[in-house]
Structures are given as structure tokens and as C-alpha cells.
Amino acid sequence: MFENLNERMAELKEKGRQKEKWEQRLKQLKQEVASLEHSKDIAKSKLAAEEKDVDRLTGMSLSNTLYTILGKKMEKLDEEQREAVVARLKYEEADRALQDGLQQISQLERQLQEVRYWKNDYDLIFRDKEKQILQENEELMDLAERQAVLTVEVRELEEAVRAGHSVQDDLARAEEGLQSARNWGTYDMLGGGMLSTHIKHNRLDEAMDHIYAVQNNLRRFEKELKDVGGSFTGSGLEVGGLLKFSDYFFDGLITDWLVQGRIKDALEQVQGRQHEVNSLVSELQSAQRRTENELETVRRKYVQSVELYQ
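Quick note: to get the working numbering, add 45 to the position in the sequence shown (first position is 1).
Hint data in this document are derived by calculation from the structure and do not stem from the laboratory. This structure is a prediction, so every number in the text was calculated from the model and none was measured. Backbone N, C-alpha and C fix where the C-beta goes; we use that ideal spot for every residue, glycine too. Honestly, I wouldn't trust all of these hints.
Simulated pairs of lysine-lysine, DSS-like, Cα-Cα distance not exceeding 25 Å [as the list claims (entries may be wrong)]:
| hint | residue 1 | residue 2 |
| --- | --- | --- |
| 1 | 164 | 66 |
| 2 | 75 | 64 |
| 3 | 60 | 174 |
| 4 | 346 | 60 |
| 5 | 176 | 164 |
| 6 | 72 | 60 |
| 7 | 164 | 346 |
| 8 | 174 | 346 |
| 9 | 164 | 58 |
| 10 | 72 | 164 |
| 11 | 176 | 58 |
| 12 | 60 | 176 |
| 13 | 72 | 58 |
| 14 | 174 | 58 |
| 15 | 75 | 60 |
| 16 | 135 | 89 |
| 17 | 346 | 64 |
| 18 | 346 | 58 |
| 19 | 72 | 85 |
| 20 | 75 | 89 |
| 21 | 135 | 85 |
| 22 | 176 | 346 |
| 23 | 85 | 75 |
| 24 | 164 | 174 |
| 25 | 91 | 64 |
| 26 | 75 | 135 |
| 27 | 64 | 174 |
| 28 | 164 | 60 |
| 29 | 164 | 64 |
Distance ranges between label pairs, derived from CB positions [said to hold, decoys possible]:
| hint | residue 1 | residue 2 | range |
| --- | --- | --- | --- |
| 30 | 224 | 261 | 46 to 56 Å |
| 31 | 320 | 177 | 52 to 62 Å |
| 32 | 346 | 271 | 23 to 33 Å |
| 33 | 142 | 190 | 52 to 62 Å |
| 34 | 172 | 150 | 31 to 41 Å |
| 35 | 172 | 80 | 41 to 51 Å |
| 36 | 134 | 66 | 33 to 43 Å |
Generate the whole structure from the sequences, applying the supplied hints.
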């Protein structure tokens, strides 16, 4: 029933294999040509160093160069002349090798033009065959539905992982700012003066900015976790309770010792959140890998079922 379609699909897949092989060869050739261009430049520099009249020498053909050698074989060439002739021959050799490489590249590029649309043609035939099979094959329909479900799951896991990375980044910056503020606060309490107080407050301001960013990203992270569902929904991530600092940090009624204690508490909370979020992101990444592997297995089975269907 599908003999003609199957034969055409096999031909197109062969073109795909050729395309892959030719692309790899083209990549290698371009690397070789780059090396040959370098070799030619070196040979040309050597030629210029050995012969002042570079224009005259580079204008000579290889046959003329050899004729020059043969014509003087009965004469004793001095060292300078011999070196100039050798340089000329090496330059010619490098140039010929380069031109050969460029010709091979040109030929491969023409061949690739002939097969560049193989996948489009293949997909058209595949979809035509697929449409006909789906009308009569329940197993293939089940595989198609499973593919759709897994594709959505992979996308949701990717979005959750990205949201988790954003939280991780802001938590790391908040921790860095609080660590710095605590260090400068200790120095300040030991008599560091106005400069250390100013730096400490700047570090706290920076940490606060990142904490606010963490709160916003945690809300998005929580939403993505709910979209993923499963064990992640009940993760216990309390978004609203995350480090709600306010201007009382800098209220003059609070002594520096009390402020220093609060910085320590805030730092510990941030570090605790880092541990929670890191664990969640790690779980999400593991789930993403498992789902991607299952999706790839289902896809291969689905494609193979369509291709081999008689």
C-alpha cells in the first residue's frame, strides 16, 4: 500500500546521510584551507626574504622556474640563488595545495545545495503517510497523544528550571551583600568610623534590592511549580514569609548591636532558602532529563512505526 512512499522516504533519508557526511567534510576542509593559507603566507614571506625582486619571481610559472634550474645545471648556483629557487618552489606548492582545497570546498558546497531541502521533502511524505495511518492504527494514535503530553511536560519543566535559576542568582547576590554588610558591621562596631557605617548601609541596600527580586522570582517559581504539579506542588516554599526587611533596619532607635544581630539572622534565612531552592532545582532538572529521555524514546518509536508501516 505504501511501497512508493516508503521507497521515496528511503531515498530522502540517504540524501540526509550524504548531507551530514558532506557537511562534516566541508568543516574539515575549511580548517585545512585555513592552515594552507597560513602555510602559503609563510612561504611567500620566505620567498620575499630570499629574493628582492619578489614581483619577478612570483610572476614566474613553475615550469619556468624548473627551466631556470635545468638551464644552469652546469653552473654552480651560489647559496643565495639556491635558497631563492627553493623558496619559489615551496610557494608554488603551497599555492597549488590551497587552490585544490578551495576547489574541493566549492564542489562540496554545490553538492550540499542539491540536498539542502531533503528534510522538507521527507517531512511532507512522512506527514502524508502518517495521516493515512492514524485513521486506522490505534497504537500510533496512542503514541501521538503520549508525545503531545510529554512535550508539554518538558516545556513546563524547562520553564520551572529557568525560574529556579533566577531565584538562585538573586539569593546568591543577596547572600553576598549580607555577608559584606555583616563584615563591615563588625568593623564598624569595633570603631571603624563613618566610612565603615556608610559602606555597611550601602551593602544592606544592595542586599535588600536582591531580596525584593528574590520575592518576585519566588512567586513566579511557585507558579511554575504548580504548573509542573506532582511532588513539587507541596514543596513548602513559603513565598510570603521571605525576609521582609523594612526601614527599621536603619532606624536610629535600634542600636548597632541589634542591627548586627538582624543581619546575621537575615543571612541565615537567605542561606536556608538557598538550600531549599537548590534542592528543588536539582529535582526539577532530574525530572526534566527523565521526561526528555522518555519523549525521545516515544518519538523514535513513533517515527519508526510510521516509516516501517506497510
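Hint check results:
| no. | hint | in the structure |
| --- | --- | --- |
| 1 | 164 - 66 | holds, 15 Å |
| 2 | 75 - 64 | holds, 16 Å |
| 3 | 60 - 174 | holds, 19 Å |
| 4 | 346 - 60 | holds, 22 Å |
| 5 | 176 - 164 | holds, 18 Å |
| 6 | 72 - 60 | holds, 18 Å |
| 7 | 164 - 346 | holds, 19 Å |
| 8 | 174 - 346 | holds, 16 Å |
| 9 | 164 - 58 | holds, 8 Å |
| 10 | 72 - 164 | holds, 21 Å |
| 11 | 176 - 58 | holds, 20 Å |
| 12 | 60 - 176 | holds, 24 Å |
| 13 | 72 - 58 | holds, 21 Å |
| 14 | 174 - 58 | holds, 15 Å |
| 15 | 75 - 60 | holds, 22 Å |
| 16 | 135 - 89 | holds, 9 Å |
| 17 | 346 - 64 | holds, 24 Å |
| 18 | 346 - 58 | holds, 17 Å |
| 19 | 72 - 85 | holds, 20 Å |
| 20 | 75 - 89 | holds, 21 Å |
| 21 | 135 - 85 | holds, 8 Å |
| 22 | 176 - 346 | holds, 17 Å |
| 23 | 85 - 75 | holds, 15 Å |
| 24 | 164 - 174 | holds, 15 Å |
| 25 | 91 - 64 | violated, 40 Å |
| 26 | 75 - 135 | holds, 21 Å |
| 27 | 64 - 174 | holds, 24 Å |
| 28 | 164 - 60 | holds, 9 Å |
| 29 | 164 - 64 | holds, 10 Å |
| 30 | 224 - 261: 46 to 56 Å | violated, 22 Å |
| 31 | 320 - 177: 52 to 62 Å | holds, 55 Å |
| 32 | 346 - 271: 23 to 33 Å | holds, 31 Å |
| 33 | 142 - 190: 52 to 62 Å | holds, 57 Å |
| 34 | 172 - 150: 31 to 41 Å | holds, 35 Å |
| 35 | 172 - 80: 41 to 51 Å | holds, 44 Å |
| 36 | 134 - 66: 33 to 43 Å | holds, 35 Å |
The earlier numbered hints that this structure contradicts are 25 and 30.
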